[in-house]
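Novice: Going down the list, the protein sequences come from chains A and B. For the first sequence, the positions run 1 to 306 when the working numbering is used. For the second sequence, the positions run 1001 to 1306 when the working numbering is used.
Read the hints as simulated data drawn from the structure, not as lab findings. From a predicted model like this one, the values you see are computed outputs, not experimental measurements. No residue lacks a Cβ here, since even glycine has one placed at the ideal position from N, Cα and C. It is possible that part of the hints are untrue.
[Unchecked claim] These stretches of chain B come out as covered by chain A in the derived footprint (C-beta under 8 angstroms, 3 or more residues):
(1) 1044-1056
(2) 1079-1087
(3) 1114-1123
Each chain is listed here by its residues.
Number of protein chains: 2
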Amino acid sequence: MNEFDLISRYFNWGKSVELGVGDDCALVFFNKNTKLATTVDTLIKGVHFPEDTSAQDIAYKSLAVSLSDLAAMGATPLYFTLALTLPSVDKRWLKNFSESLKILAKQYNISLIGGDTSKGSLSITINATGIIEKPRALLRSGAQVGDSVFVSNTLGDAALAWQQIQNHKTPSTALLKQFNRPDPQIKLAQLLLGVANSCIDISDGLQQDLSHILSRSKIGANINLMTLPLSTEVAQYITDTQDWCVVLSGGDDYELCFTVPDTRINSVKTIEKNLCIKLTKVGVITKEKGLRIKGLNKTCKSYKHF
Amino acid sequence: MNEFDLISRYFNWGKSVELGVGDDCALVFFNKNTKLATTVDTLIKGVHFPEDTSAQDIAYKSLAVSLSDLAAMGATPLYFTLALTLPSVDKRWLKNFSESLKILAKQYNISLIGGDTSKGSLSITINATGIIEKPRALLRSGAQVGDSVFVSNTLGDAALAWQQIQNHKTPSTALLKQFNRPDPQIKLAQLLLGVANSCIDISDGLQQDLSHILSRSKIGANINLMTLPLSTEVAQYITDTQDWCVVLSGGDDYELCFTVPDTRINSVKTIEKNLCIKLTKVGVITKEKGLRIKGLNKTCKSYKHF
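Please build the complete structure, drawing on both the sequences and the hints.
Specialist: So this is what it looks like as structure tokens:
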């Protein structure tokens, strides 16, 4: 059973909100033009980050993955709570953790408003809330036939770093940066409000996350491997191994995947220029359901939470 | 270092909200008369509940303790998120857990809006949000010299159950009910808005939780052991052992401790009658700082999270 089956089977009974379990964030409606987007993520030592990860990197990533969920909805970060489970009180670790968290929180203008600490194996749960003051949020469910599928920056860097770590190799600084300190695409997402028809952040890999857009929008997509944006290192790795799965299902990218109708493609080009960010068209939305990946001659297993 | 030192030392840098780290809930201001109260709590197997606790009881208590924090502020429950860490997918356990959670959520009209599941040692983090539509919330900081100190129902039942479990005895049904299925005092709290000057829920024991009111309100209190409301079982235990610490610092009561000025004592009597609840005066607020407990001739160690 994967996480999505588990949630939809046992916990899909939220009702009195605009959008409950099943998108990057839940949306709570306050008035016509004000919605709160809220998201929760847990990071566990040895599962989501290697045991020797620094306190600074753990703090950064814990908040960054929640900010990335807010970004996926086009929300402006407001506040978060922190539930921290620690094996013991290590003052140096706590100082490093809290300082790093504070720096990232300041950068994205999000306030720590409450928390809970418990004794146990190291785990960090962050519940982050943002605000959307436009009539529409970015949802997974809005993709339309004919939309172009875009992704931001490059894919597969974090997954390649994680693979190298597991094989006792030391990843390059650039790959490690993507793995430990992904940039949440908050600015990009806010500019995509009113431009993109649908959006998701790529946490479990493009294949699985784009499939969430497809199933929620009840449409399909063709994408082309040759168009996927890759860093030099990931491109070299693929040349050597032909292992596209690191890009398609490795996860941990925290880039955005979004779909845009032809009439608004020019806006994407303007955003790309203004933010100095790479936005690459990787495919199109089709009436025929399912995801077809041109150039892929094997199956990539998607990340399973259990 | 206790939890409170840890939080105030490392995580007390939230700024842009009305009330950040340091009360039962954080308050976020939306407009003059609308505030959101938000709280997060983690329950860990073996720390917060015995290993053989049923899935139903774990679910109940996980949500009830968060509802109790909302009650302490006088908030009406709105929605919550669930971060669930599980060692494996046990369908029967999940069914029992989710059904029990759903029943309690329905009872208090709170919606599950989002979640995250991870693989690891069993732990449950709930972030609950409520709304306060009156100008003032119930805070720890509002107690005034001369206020009467009240507590709801009886104290020490859950702590006595926990002590018996640790000594391999089987607690009575009544004690176990208080330990596994405490009633969050949502209704009481809402009626106390405008009546009580300050309020807290008793999760760490009366001694520690009343002390939070005293330090935040910069005043003191005299309480009298002989006035503390006890169930027959706890009264018998104290007669046998003279161990008042089970009542003063055992924790897990989830009753409310609140302070009321003389001018509004009649309202307390009306609430008591209307809700069929026991509300007992246990002491008074004094100008002299600190907590003095008449009749106590030993020191009770407060619950420490680490």
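Novice: Each hint needs a verdict: does it hold in this structure or not?
Specialist: Each hint, compared with the structure:
1. Counting residues of the segment 1044-1056 of chain B whose C-beta lies closer than 8 angstroms to any C-beta of chain A gives 3; at least three are required, and the coverage claim holds.
2. Counting residues of the segment 1079-1087 of chain B whose CB lies closer than 8 angstroms to any CB of chain A gives 6, so the stated coverage by that chain holds, three being the minimum.
3. With 9 residues carrying a beta carbon less than 8 angstroms from a beta carbon of chain A, the segment 1114-1123 of chain B meets the three-residue requirement, and the given coverage holds.
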